[in-house]
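Grab the two chains, each in its own frame, and use the hints to assemble them into the complex.
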Amino acid sequence: MIKILLFAGLKERVGKPFLTWEETPMTVAELKEELKKISGLENFSGIMVAVNETYARDEVIVNDGDTVALIPPVSGG
Amino acid sequence: MISDRFNIVEEPINVGEVIQKVVHPNAGAITTFIGTVREMTHEKRTVYLKYEAYIPMAVKQFAVIEEEIHSRWPGTLVAITHRIGELQITDVAVAIAVSTPHRAASFEACRHAIERIKEIVPIWKKEHWDNGESWMGDQKENVAGRPRKEMLE
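Protein sequences appear in the order of chains H and R.
Residues 1 to 77 (the working numbering) make up the first sequence, in order.
Residues 1001 to 1153 (the working numbering) make up the second sequence, in order.
One chain only, chain R, in its complex shape (with noise of 0.2 Å):
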């Protein structure tokens, strides 16, 4: 059974819900990311994006994420919740909420999940402009999101 603590929703974010998720009285810090719809990149210009998601396997995955930050950053809390359909400029598509006894370790677990999420999650963006759509493939710019060896079975 996956924690509710990791969530793909079709409908707006609560981002308030998802930090209550980590309240803990052993925490002393909440870090949150709140990953948005942007409008530019480059000089493209974004007139929606869709998201799509390999729902059950996506779930799975965050509680990955949390298994590693456990094992870095002991004592931890996280929640995720990733929102999936069609979203508009400025729109929450992902919000974290990591909670930590002591400040340095939230910062850094908070964005160990975003990161990884961008590697081993199966969600897929498609970004829609005025002439065109396509399949985003590479989040990471440099490196393709694929797990690491480590991860495979």
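So here's chain H without its partners, still in its complex pose (with noise of 0.2 Å):
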């Protein structure tokens, strides 16, 4: 299972903190695809995805126990 972070405007829209998804394992860019699917996001375009608190390419591989964050964009500072 892996839990799937959600922030500012994202954690809004969605109306929770987190989603789980439980198919392990894939790549981010599938894992994306999934949850345009359960999370009724549809537009990606401008959200970065972190594995494990660490920036990842769609090509990356999230696997069992990991945790994912999307990331929208940033404003801090």
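Since the hints were derived computationally from the structure, they do not count as laboratory data.
Here the structure is a predicted model, which is why all the values come from computation and not from measurement.
Every residue gets a Cβ at the ideal spot worked out from N, C-alpha and C, and that includes glycine.
Be aware that a few hints might be false.
Said to hold, decoys possible - Sample of chain H residues facing chain R (criterion: CB under 8 Å; computed from the structure):
#, residue
1, L5
2, A8
3, W21
4, P25
5, T27
6, P72
7, P73
8, V74
9, G76
Written out as structure tokens, the structure reads:
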């Protein structure tokens, strides 16, 4: 099982602080496709993905127990 | 273990404490950047701000920024404290202190730190106005706050 953390506008739009997904392993790209179906989010452009607190490209493999986070464009500082 | 020079806090920032963290016998200069909450943005009046962070990753990204600074300006010490939660106009949102052997590098490295915070650190700001609110998504004005390709695994 993996946890997908949501923040800021994404968290508000989905209505929860995280989603879970059972099927692993899969690539970040594949996970994004699945998330589109379960989250109601259609557009992932501008959203980065982090796996275990590190930015990850589409080809990175997500394994059972990993923590994924969807990072919308940041605005700290 | 991430250094205690990198923090996310919910209470008001003590800037003097942040500066103390980079005091060093080999430092000849300390430069600070203090980000404060401003009221007007174009014609929009902010009533208050709310900051949210992916805390463990934000702290890691502060350390990544310090690594970048080390490779360009050796001998530098960096401390960053960012506040989250509800902030009022004039509150300090972020304090950065950078110490270097010689002063030129301290200005440059300090600037690098704040510019990179606005690109790669998972912290988000929501502006609350009289008649609405919105998460900000592009603090670099022209380029969305996204890390460059070389940062990706």
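Residue hint H/P25, partner chain R, criterion CB-CB below 8 Å: violated, 15 Å
Hold the hint about H/T27 up to the distance rule: shortest CB distance to chain R must be less than 8 Å. violated, 12 Å
Given H/L5 as an interface hint, is its Cβ closer than 8 Å to any Cβ of chain R? holds, 7 Å
So, as I understand it, the hint says H/A8 touches chain R; can you test that by seeing if any CB pair is closer than 8 Å? Interface hint status for H/A8: holds (4 Å vs cutoff 8 Å).
Hold the hint about H/P73 up to the distance rule: shortest CB distance to chain R must be less than 8 Å. holds, 4 Å
Close enough to count: is the Cβ of H/G76 nearer than 8 Å to one in chain R? holds, 3 Å
Residue hint H/W21, partner chain R, criterion CB-CB below 8 Å: violated, 18 Å
Taking 8 Å as the limit, does the beta-carbon of H/V74 come near enough to a beta-carbon in chain R? With Cβ-Cβ at 4 Å, under 8 Å, it holds.
For the hint on H/P72, just tell me whether its beta-carbon gets within less than 8 Å of chain R. holds, 6 Å
The structure is inconsistent with the numbered hints 3, 4, 5, although it conforms to all the rest.
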